[in-house]
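J.: Those protein sequence lines, which keep their order, are chains A and B. In terms of our numbering, the first sequence opens at residue 1 and continues consecutively. In terms of our numbering, the second sequence opens at residue 1 and continues consecutively.
Rather than coming from a laboratory, the hints here were simulated on the basis of the structure. Don't be surprised by glycine CBs; every beta carbon is placed ideally from N, CA and C. One should not assume that every hint holds.
For the chain B half of the interface with chain A, some residues (derived, Cβ under 7 Å), not all of them [what the hints assert, rightly or not]:
hint, residue
1, A5
2, L8
3, Q49
4, M64
5, W92
6, D125
Once the Cα atoms are required to be at most 27 Å apart in a straight line, the calculated DSS-like pairs of lysine-lysine come out as [said to hold, decoys possible]:
hint, chain 1, residue 1, chain 2, residue 2
7, B, K10, A, K115
8, A, K117, B, K88
9, B, K10, B, K88
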Amino acid sequence: MMFARAIGDPNPIYRDAEQAAASECGGIIAPPTFVQASAQFDPDYPLRPKPGVPWHGSGREPTGRSSGSSGEGGGGSLHAEQHYTYHRDLHPGDVLTATARPGDSWEREGRRGGKLKFSENVVEFRDEEGELVVTARSVAVRTERVVEQS
Amino acid sequence: MPLSARNLAKGDSHEAVVVDNLTRTQIVQYAGASGDYNPLHTDEIFATQVAGYPAVFAHGMLTMGLTGRMLTDWVGDGRLVSFGVRFKRQVWPGDTLTATATVEAVREDDGRHYADLALSTTNQDGEEVLTGSATARIDA
Chain A
1 MMFARAIGDP NPIYRDAEQA AASECGGIIA PPTFVQASAQ FDPDYPLRPK PGVPWHGSGR
61 EPTGRSSGSS GEGGGGSLHA EQHYTYHRDL HPGDVLTATA RPGDSWEREG RRGGKLKFSE
121 NVVEFRDEEG ELVVTARSVA VRTERVVEQS
Chain B
1 MPLSARNLAK GDSHEAVVVD NLTRTQIVQY AGASGDYNPL HTDEIFATQV AGYPAVFAHG
61 MLTMGLTGRM LTDWVGDGRL VSFGVRFKRQ VWPGDTLTAT ATVEAVREDD GRHYADLALS
121 TTNQDGEEVL TGSATARIDA
């Protein structure tokens, strides 16, 4: 429900058990991009601040780290593509196990960000019976410099 | 109401404004819901002074999630077989996004009916921020 709120989707199929039970889905389901929230369950997820670990967001310094750090200056990794294949609906109570494997990687010259390095990651989300629920394929792009605004 | 093959043809389309004047707070709300607190999305000082961007910007996955609302509102709940996108440009606070799905093909496979859709989400300047495709199971 928190996820549906964040994407601005008031559809009762994501929160109203009674109404959802009467639908062809037979109950509450998750929004199509919900497995993105699996980051919440990854203890080592790098884009979440952790107690006692320096964070690269601003604090006393704009970089957040102790003084002397100049930060990365631009560039960095951006999300270029995301593809989902749905094998069945995802319902509350489902317990999914994610298995990630790297896919292809390639390079090309970009118009706005310098040399672009693409890398693919495939995550299979399986239920407790080992059946596939969602397959997620993402492509990340690492740019040489900050993407210029045109 | 799910779509039906009888009433759907190549070229049919559905459009919806999926966010009007995107707020920094909604970007932070998405950070909390997804778990992705990248300071490029949540920390204006870091995004501008350290990373050199003009402002924080939305997670690509927020744009995909917003686009997904247009899609599921049209094809029906639990009807998507696949949904894939490419992020074309950044989405900034203040942006208003319109998402469009256009039917590329209506087809039958093993007695089941499907619609293949092309997706495009544009900002208030008509610039494409997302393109993609989706396949939905539809009624006969």
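J.: All the hints need checking, so say for each whether the structure fits it.
T.: Hint check:
no.	hint	result
1	A5	17 Å, violated
2	L8	18 Å, violated
3	Q49	4 Å, holds
4	M64	5 Å, holds
5	W92	9 Å, violated
6	D125	11 Å, violated
7	B:K10 to A:K115	38 Å, violated
8	A:K117 to B:K88	16 Å, holds
9	B:K10 to B:K88	25 Å, holds
Of the numbered hints listed earlier, those contradicted by the structure are 1, 2, 5, 6, 7.
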